[in-house]
Amino acid sequence: MGACMALCSLASCASCLCGSAPCLLCGCCPSSSNSTVTRLVFSFFLLLGTVVSIIMILPGMETQLRKIPGFCQGGTTIPGVENHVNCDVIVGYKSVYRMCFAMACFFFLFAAIMIRVKTSKDPRAPIQNGFWFFKFLILVGITVGAFFIPDGTFNDVWFYFGIVGSFMFILIQLILLIDFAHSWNEVWVRNAEEGNSKGWFFGLLFFTILHYALAFTAVVLFYLYYTKPDDCTEHKVFISLNLIFCVIISVVSILPKVQDASPQSGLLQSSLITLYTMYVTWSAMTNNPNRDCNPSLLSLVSNVSSTHPTPTTAPGTVQWWDAQGIVGLIIFLFCTLYASIRSSSNTQVNRLMQTEEGKGSEVESKVEEGGMQRVVDNEEEGVTYSYSFFHFHLFLASLYIMMTLTNWYKPDTTTQAMASSMPAVWVKICSSWLSLALYLWTLIGPVILPNRDFS
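Numbering (the numbering used here), first residue to last: 1 to 455.
Derived from the structure by calculation, the hints contain no laboratory data. Where is the CB? At the ideal position from N, CA and C, for every residue including glycine. Accuracy of the hints is not assured; some may be wrong.
DSSO-like mimics (lysine-lysine), calculated; alpha carbons at most 30 Å apart, straight line [said to hold, decoys possible]:
{"id": "1", "residue 1": "Lys236", "residue 2": "Lys257"}
{"id": "2", "residue 1": "Lys257", "residue 2": "Lys198"}
{"id": "3", "residue 1": "Lys118", "residue 2": "Lys135"}
Between beta-carbon pairs, the in silico distance windows are [as the list claims (entries may be wrong)]:
{"id": "4", "residue 1": "Phe136", "residue 2": "Ile330", "range": "21 to 29 Å"}
{"id": "5", "residue 1": "Ile326", "residue 2": "Val237", "range": "23 to 31 Å"}
{"id": "6", "residue 1": "Asp230", "residue 2": "Arg190", "range": "51 to 59 Å"}
Let the hints inform the model, and build the full structure from the sequences given.
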């Protein structure tokens, strides 16, 4: 749908720039709701900033920029008036920090503006659902201004903002994965019951076993490569605790009382959460500054020396393309897209995500003259999601992608390098524990509070 919107926007540019509706869709595009298209476009802004950050952190970018005569110069700031650029700032981790700072400011601004918007008739609703050209200009303007921020303590302070924001976003990712697993299980079970086909049940069984098999394999590899007989005590504790917790939630999910109170719960959801927990555990261990307990994936595969940056690494050098960083980026992209199109029937998850149950999932086609299809306003009686919370979610996503692309390394203000840090390890591990607690609540909540609506 996003590509289709981009093509059709050329034919309806005027209405897209200033209109109160998102855009006109051409006849080849499926009809869609106002709420879905708006979320997709805002998510596109986030993904666009992510792509720019990735480009600016690619190896060799600074070398290529320095080939442009008179383009780069030394120093710690961007003089501007001399039409020169500090290439140490616009490439490497400094560029990621500034790009993500701009995106975070952009989404936080809209989160503040959209507080308590209840329907699309609110005067602020057109700002949410239209004026895309001007929004893009605002984002570009904030981004340009961000690159004029002097180094000083900015990198160090913004690192801690990133730590806190990423901790919260990991929880949101877990909630979205829970919702996805519930929807997945619900749809496949319904298809099996209506179609009287056992293939859907076999599919659920296959993916459940696959998730658990991958998680168990991960645990074995963790013990082999991320622990030592006389060292790496923290890793042993992390792996063991999370393994025990995952076994507990798996058992709880199939208890008779839990099944009676929440028939939609099951092992598919628990297996997916278990696999995600193992990923977060792995990601945490890769940030341990103790290199004996933190071998790089390259050294494990090819028996070469570790390629992780150390405090003596050249300024701005960050290897975000480590395996855990790539997996984290994939999960981030999936959750961002899913948050833009989701229409859940799970009451608990909707309360956590501040969305309405199943609203806006069905849209009637409205075809205009000339074969154009207008996006349907499905929020005249009430918004289908919290505008403010959605932008706050993207604000946290901006901080999370900043930490992911810089491998959660802490800037060293004295050497201008990046180094692993234990705070990042504890943030990830604690987020995994809190995530498991949230999932456990979705299982036992209906049992503990039977009079509350957990349908």
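Each hint, compared with the structure:
1. Lys236 - Lys257: Distance of about 33 Å is beyond 30 Å: violated.
2. Lys257 - Lys198: Cα-Cα ~26 Å, so holds.
3. Lys118 - Lys135: holds, 22 Å
4. Phe136 - Ile330: 21 to 29 Å: This hint holds: roughly 26 Å between Cβ atoms.
5. Ile326 - Val237: 23 to 31 Å: holds, 27 Å
6. Asp230 - Arg190: 51 to 59 Å: Since the Cβ atoms of aspartate 230 and arginine 190 sit about 53 Å apart, the hinted range of 51 to 59 Å holds.
The structure is inconsistent with hint 1 alone, although it conforms to all the rest.
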